[in-house]
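Single-letter residue listing:
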Amino acid sequence: MELAFLIEKVAVVVILFVLTLTIAAYSTLAERKVAAFLQDRVGPDRAGPFGVFQPLADGGKMFFKEETTPNGANKWLFIAGPSLALLTSFLGSAVIPWGQPINFFGRIVPLQVTDINVGILYIFGVVSLGVYGIMIGGWASNNKYSLMGAVRGASQNISYEIAMGLSIIALLLVTNSLSFKVIAEQQHGINWNFWYQPLGFLIFLVCAFAETNRVPFDLPECETELIGGYNTEYSGFKMGAYMFAEYINMFVSSAVMATLYFGGYNYPGMDFVNQHLGTTWGPLVGVAVLLGKILAFIFFFMWVRWTVPRFRYDQLMNLGWKILIPLAIANIVITACVITFFDKF
Amino acid sequence: MILFYLVSLLTITFSLLVIFTKNPIYSVLYLIATFFTFTIHYVLLNAQFLAVVNFIVYMGAIMVLFLFVLMLMNLNKETEPMKSNLIKIIAVIAGGSLLVTLIGSFKQLDALGISTINKPEIGLVENLGKVLFSDFLLPFEVSSILLLSAMVGAVLLAKKDKTDNG
Chain Y
1446 MELAFLIEKV
1456 AVVVILFVLT
1466 LTIAAYSTLA
1476 ERKVAAFLQD
1486 RVGPDRAGPF
1496 GVFQPLADGG
1506 KMFFKEETTP
1516 NGANKWLFIA
1526 GPSLALLTSF
1536 LGSAVIPWGQ
1546 PINFFGRIVP
1556 LQVTDINVGI
1566 LYIFGVVSLG
1576 VYGIMIGGWA
1586 SNNKYSLMGA
1596 VRGASQNISY
1606 EIAMGLSIIA
1616 LLLVTNSLSF
1626 KVIAEQQHGI
1636 NWNFWYQPLG
1646 FLIFLVCAFA
1656 ETNRVPFDLP
1666 ECETELIGGY
1676 NTEYSGFKMG
1686 AYMFAEYINM
1696 FVSSAVMATL
1706 YFGGYNYPGM
1716 DFVNQHLGTT
1726 WGPLVGVAVL
1736 LGKILAFIFF
1746 FMWVRWTVPR
1756 FRYDQLMNLG
1766 WKILIPLAIA
1776 NIVITACVIT
1786 FFDKF
Chain H
4 MILFYLVSLL
14 TITFSLLVIF
24 TKNPIYSVLY
34 LIATFFTFTI
44 HYVLLNAQFL
54 AVVNFIVYMG
64 AIMVLFLFVL
74 MLMNLNKETE
84 PMKSNLIKII
94 AVIAGGSLLV
104 TLIGSFKQLD
114 ALGISTINKP
124 EIGLVENLGK
134 VLFSDFLLPF
144 EVSSILLLSA
154 MVGAVLLAKK
164 DKTDNG
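Protein sequence lines, in the order shown, are assigned to chains Y and H. Heads up: the first sequence is residues 1446 to 1790, going by this note's numbering. Heads up: the second sequence is residues 4 to 169, going by this note's numbering.
Keep in mind the hints are simulated off the structure, nothing from the lab. Some hints could be false.
Subject to a maximum C-alpha distance of 27 Å in a straight line, what follows is the list of computed BS3-like cross-link-like pairs (lysine-lysine) [unchecked claim]:
id	chain 1	residue 1	chain 2	residue 2
1	Y	K1454	Y	K1520
2	H	K133	H	K25
3	Y	K1520	H	K25
4	Y	K1520	Y	K1478
5	Y	K1454	Y	K1510
6	Y	K1478	Y	K1510
7	H	K25	Y	K1589
8	Y	K1510	Y	K1520
9	Y	K1767	H	K162
Chain Y is nowhere near these chain H residues, computed Cβ spacing over 12 Å in every case [unchecked claim]:
id	residue
10	L48
11	F52
12	M66
13	L73
14	V95
15	L105
Residues from chain Y that face chain H, not an exhaustive set, calculated with beta carbons under 7 Å [to be verified]:
id	residue
16	M1507
17	G1570
18	S1573
19	L1574
20	M1684
21	M1688
Virtual Cβ for every residue (Gly too), placed ideally from N, Cα, C.
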């Protein structure tokens, strides 16, 4: 029993890890393909049919490039920066329920690494840790541009975390639970949280863009002002680690948004499908639906990147502190009033 | 139990490293590691909410600001202010008295006997929220007003005087 439990968890973790890496690798290709599509170009198409081997070629290139360390850099922290960025980006996927419990050769396996009852707060904590990779790397490079990028990254993350937390509080008023498993189960069928919290979702989405340092909030690596930002001095695989961390962050935050607001593995007519396909294949359809939602979000991230220009720094701070935070507080008050009203009558 | 001793050992090692490292940035990083071991302690005590809040507030927010300030100040060995002997002696005396006070209070605590609470689920979010909003409502609200006034004060201090163009 104990051993079977261990094997089951290890299997879920390994599958999740490989899945995350694959999706992150193919996101790099998708990003270039989407950019090409939006700009009416062809995009990478040399490596394999439609360029499907491009991520492998890119990875190989990253490994074989020379790694340089600047003279004045702090050797340990220079390595610790990208490592931390990669580590913290993986942590978030542990609490996301990927599907309903699945019947695997007579054994019910929950498709979730762990269901802690403070799951949302855990995600929030991991997000706030993510900034250390950028800060430490930027500082250890001993370069003024890198330091500027690091400082920008830190202040941006702290500012947008507040609005993100406030938008989550309004969601908690609706769900009454901090556990991802319970929240996913509540959104059975098409009873998604998005219908109850459209404004909260909008705030969360904007904050997710800021926390993952994606355009239009990619000020820590804004090349027109800062050469390359926090990663100016990085080359080879360390640079690759930073880039990879960004794509993994995008994947995890898409998964969080899909689970919190768009029903996770739930879809209309799931009872009918589960009845006909049984307890092994039915949940797998749910997993596919969740992956579909995540890929849609990733596409949205890319779509915005190639459409919207970058914010100026004061605009970024104004948006965070003077628009999003008051909006999020108003959202909490309205949600609380509506819930109290419906409970009374 | 082995886990507890291992984590405690790590906590003590990291907190000693905070004091003994020369580089202030390393000090802050070791302090972050110390807070992380605190989080593990809270989880071992089944206080999950406290663990996560410690994680978010201390590791995720306060220490980021510490690091932020240190990076902007750019402390080097050359610019480090030398402390005079008088200050060092005063620091030793102050630290020594604190140690004596702590040992004294611990002795008293031992004499009282450690009270055990037989409610393993007391640290979970739901129970904590219920207790905070019923039994401890007044202290909870008073501390929230305290934090609010501190926040308003900080905003006022940071606000530029519009009439003065300095």
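Note to self: Hints numbered earlier in the text: which of these fail when held up against the supplied structure?
What the structure shows: 1, 2, 4, 5, 11, 12, 13, 16, 20, 21
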